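K.L.:
Now for the letters of each chain:
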Amino acid sequence: MKALRNLPGWETTLVVLVVVALLGGGVLSKDFLTGQNLSFLTANFSEILLMALTMTLLVIVAEIDLSVASILGLCSAVLGVLFAAGVPMPLAILAAFVVGGLAGLLNGLLVTRLGLPSLAVTIGTLALYRGLAYVLLGDRAIADFPQAYTNFGFGTVPGTLIPIPIALGTVLAVVTAVVLHATPFGRSLYAIGANEVAARFSGLRVERTKLLLFVMSGLMSALAGIVYTFRFASARGDNATGFELGVIAAVLLGGVSIFGGRGSVVGAVLAVFLIGLINGALTIVDVSNEILTIVTGLLLIGSVLVPNLVARVQAARQRRRLRGNTVSP
Amino acid sequence: MKKRSVLLSALALGSVATLAAAQTPALKKGLKITLLPKNINNPYNVIETSGGTEAGKEIGAAVKIVGPSDAGASSQVSYINTAIAQKQDALVLAANDANALLPYLARAKASGMKIVTMDSDTAVSGRTLFINQANSEGIGRAQVQLLGKLINYKGDIAVLSATPNATNQNTWIKWMQEELKLPKYKDMKLVKIAYGNDDDQKSFTEMQGLIQAYPNLKGVISPTTVGISAGARYLSTSPQKGKVMLTGLGTPNQMRAFVKDGTVTAFQLWNPSDVGYLATYAAAALVSGQITGKEGEKFKAGKLGEYTIGKNGEIIVGPPYTFDKANIDKFNF
Numbered sequence: 001m002k003a004l005r006n007l008p009g010w011e012t013t014l015v016v017l018v019v020v021a022l023l024g025g026g027v028l029s030k031d032f033l034t035g036q037n038l039s040f041l042t043a044n045f046s047e048i049l050l051m052a053l054t055m056t057l058l059v060i061v062a063e064i065d066l067s068v069a070s071i072l073g074l075c076s077a078v079l080g081v082l083f084a085a086g087v088p089m090p091l092a093i094l095a096a097f098v099v100g101g102l103a104g105l106l107n108g109l110l111v112t113r114l115g116l117p118s119l120a121v122t123i124g125t126l127a128l129y130r131g132l133a134y135v136l137l138g139d140r141a142i143a144d145f146p147q148a149y150t151n152f153g154f155g156t157v158p159g160t161l162i163p164i165p166i167a168l169g170t171v172l173a174v175v176t177a178v179v180l181h182a183t184p185f186g187r188s189l190y191a192i193g194a195n196e197v198a199a200r201f202s203g204l205r206v207e208r209t210k211l212l213l214f215v216m217s218g219l220m221s222a223l224a225g226i227v228y229t230f231r232f233a234s235a236r237g238d239n240a241t242g243f244e245l246g247v248i249a250a251v252l253l254g255g256v257s258i259f260g261g262r263g264s265v266v267g268a269v270l271a272v273f274l275i276g277l278i279n280g281a282l283t284i285v286d287v288s289n290e291i292l293t294i295v296t297g298l299l300l301i302g303s304v305l306v307p308n309l310v311a312r313v314q315a316a317r318q319r320r321r322l323r324g325n326t327v328s329p
Numbered sequence: 001m002k003k004r005s006v007l008l009s010a011l012a013l014g015s016v017a018t019l020a021a022a023q024t025p026a027l028k029k030g031l032k033i034t035l036l037p038k039n040i041n042n043p044y045n046v047i048e049t050s051g052g053t054e055a056g057k058e059i060g061a062a063v064k065i066v067g068p069s070d071a072g073a074s075s076q077v078s079y080i081n082t083a084i085a086q087k088q089d090a091l092v093l094a095a096n097d098a099n100a101l102l103p104y105l106a107r108a109k110a111s112g113m114k115i116v117t118m119d120s121d122t123a124v125s126g127r128t129l130f131i132n133q134a135n136s137e138g139i140g141r142a143q144v145q146l147l148g149k150l151i152n153y154k155g156d157i158a159v160l161s162a163t164p165n166a167t168n169q170n171t172w173i174k175w176m177q178e179e180l181k182l183p184k185y186k187d188m189k190l191v192k193i194a195y196g197n198d199d200d201q202k203s204f205t206e207m208q209g210l211i212q213a214y215p216n217l218k219g220v221i222s223p224t225t226v227g228i229s230a231g232a233r234y235l236s237t238s239p240q241k242g243k244v245m246l247t248g249l250g251t252p253n254q255m256r257a258f259v260k261d262g263t264v265t266a267f268q269l270w271n272p273s274d275v276g277y278l279a280t281y282a283a284a285a286l287v288s289g290q291i292t293g294k295e296g297e298k299f300k301a302g303k304l305g306e307y308t309i310g311k312n313g314e315i316i317v318g319p320p321y322t323f324d325k326a327n328i329d330k331f332n333f
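Residue numbers (full-length UniProt numbering), protein chains in the order written: chain F, 1 to 329; chain Y, 1 to 333.
To be clear, the hints were calculated from the coordinates, so they are not data collected in a lab. Possibly wrong hints are sitting among the right ones.
With a straight-line cut-off of 35 Å between C-alpha atoms, the simulated DSBU-like cross-links for lysine-lysine are [as the list claims (entries may be wrong)]:
1. Lys30(F) <-> Lys57(Y)
2. Lys202(Y) <-> Lys325(Y)
3. Lys32(Y) <-> Lys202(Y)
4. Lys30(F) <-> Lys28(Y)
5. Lys202(Y) <-> Lys30(F)
6. Lys87(Y) <-> Lys64(Y)
7. Lys32(Y) <-> Lys30(F)
8. Lys30(F) <-> Lys109(Y)
9. Lys64(Y) <-> Lys30(F)
10. Lys87(Y) <-> Lys30(F)
A quick note: this is a predicted structure, and the numbers were derived from the prediction, not measured.
Working from the sequences, and respecting the hints, build out all of it.
P.N.:
Here's what the structure looks like:
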């Protein structure tokens, strides 16, 4: 309870919304609040969860990476092609990470060395990396991965219903949260996002930090690509097409400011779960796909609108309090 | 004495018959069946699933149609999971990817759900039955039968195919040649197999070439949707319109104008609605225990009649469906 009270306003709201979504889903369908169903539907947003972690860091420094889902697809294709060519799986996985890291590095170099806006750069590389994935695989699909690996994507933590990728995502979320909220490096991201010029004058290595974050985003997308490939036992060039929107929707709904300098990992993670639960609840009552798309769109708009409104209301309340209109008991 | 034995054996036969009848359980009422097409906005899929709805009404099953709006490899997975969570009795799907769905279908099977694929199969391990629109022999033979009727079993004929190495086309052509060996086709002569490479312009030119090169040409079979429409476009402006019969495999939307202006009398494809209808009956028969999916088992599928399960759990809907002026407006795909 105390931990809950210590959370900033928007995160608390998100916790409430997650509970409401859970209960709402339970009211809508008796099949919703079963361990099995919750296990299925959380597994469904494993990749979004992973990519949302590094996206949170990027958006906090006022950058964005729209190419994450394409890097996922490219790494999935690399993994599949190498595996099909007889490369041992650990090496193929390593190669996927290398490719993901390089893709992130290219994004980072274009942004930091050439001073291009990351929005434009990563729209470009979104197409580039997806194109490369198609070059590698065409419309082929590579399947038949060893069961030990597909179990990693498909299975649950022994003795529980928690999907392994979600357990992995949770561990990485904790690591990311500690790095962001409890290390000097993490604090420096807020400084860069809030005021880059000031950050630079205070001696922060803005370019190097951003470059590092893009590489991390690439590596995380590679991890998501590996998870996706094993989860569906299928490497295809079109894997996870359009997932970048889900990632960005979650990060923004999580209260991370699109203008940088504000947000938390907890918020982003809660938002991933919230969107996933809403989607899952609507799916189980057979709401059509068009409506689902509309709901995701509305959430995306709301995710920018609502935290802004909440921040304004809070600011107004604080001003009133400062004026001394309220006396604390 | 004799009379009595006849009576007795009649009685015995009767009881055997009732026993046999009792061994085939009736279709269960109130079954919950999920239809999962490749994607839900494609007109072909809409017609296909409408057949499933029709079958559901006939057998008192609750049929729901769900599906993604894109035909991505993994977009169907969450719908499979949802069907498991909803404890549906059967899942009828047209798979977007033969392999991506396998672990999820295995999970669905383990939860007790019956899996039937239609149109687009998964690996055999993923499902119990596969409802296939038509088989190669059926398609090949039916094309010749249709053309034979159209030209009164007389005259030169040609084939306008796709590419020389298209496996499905070549198999169909092989069956066409088998059918042509039957005595009733003794006055029909296959003079040329032309290849339009599934390219509109090339098919157009090839059609033109056929008509100019063979003055006794009475009919052309184009077992490819690209070839038949390009061929029809050429024929519609040629003096041979109405004299050379063109048939083959095409879609109603593509061929509608040519059927209405008299260029083409009849062509074939399958009726997607029958595919969904049969798949739903098959799913219900599986759940009700009428069949288990073994080769040779038989079951009844409403208006389509009785079906026998073939090799690897495959069931063929039947010979291709013939579209003509009378029925083409009932289809939109």
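K.L.:
Now, for every hint given, state plainly whether the structure supports it.
P.N.:
A quick look at each hint next to the structure:
1. Lys30(F) <-> Lys57(Y): Roughly 25 Å separates the two Cα atoms, so the pair holds.
2. Lys202(Y) <-> Lys325(Y): At roughly 28 Å apart (the allowed maximum being 35 Å), Lys325(Y) and Lys202(Y) satisfy the hint.
3. Lys32(Y) <-> Lys202(Y): The given pair, whose Cα atoms are some 49 Å apart, is violated under the 35 Å limit.
4. Lys30(F) <-> Lys28(Y): Holds. Lys30(F) to Lys28(Y) sits at ~23 Å (cutoff 35 Å).
5. Lys202(Y) <-> Lys30(F): violated, 58 Å
6. Lys87(Y) <-> Lys64(Y): Answer holds: Lys87(Y) to Lys64(Y) is near 13 Å, not above 35 Å.
7. Lys32(Y) <-> Lys30(F): Answer holds: Lys32(Y) to Lys30(F) is near 16 Å, not above 35 Å.
8. Lys30(F) <-> Lys109(Y): Cα-Cα ~21 Å, so holds.
9. Lys64(Y) <-> Lys30(F): Holds: Lys64(Y) and Lys30(F) sit about 17 Å apart, inside 35 Å.
10. Lys87(Y) <-> Lys30(F): The hint holds at about 11 Å.
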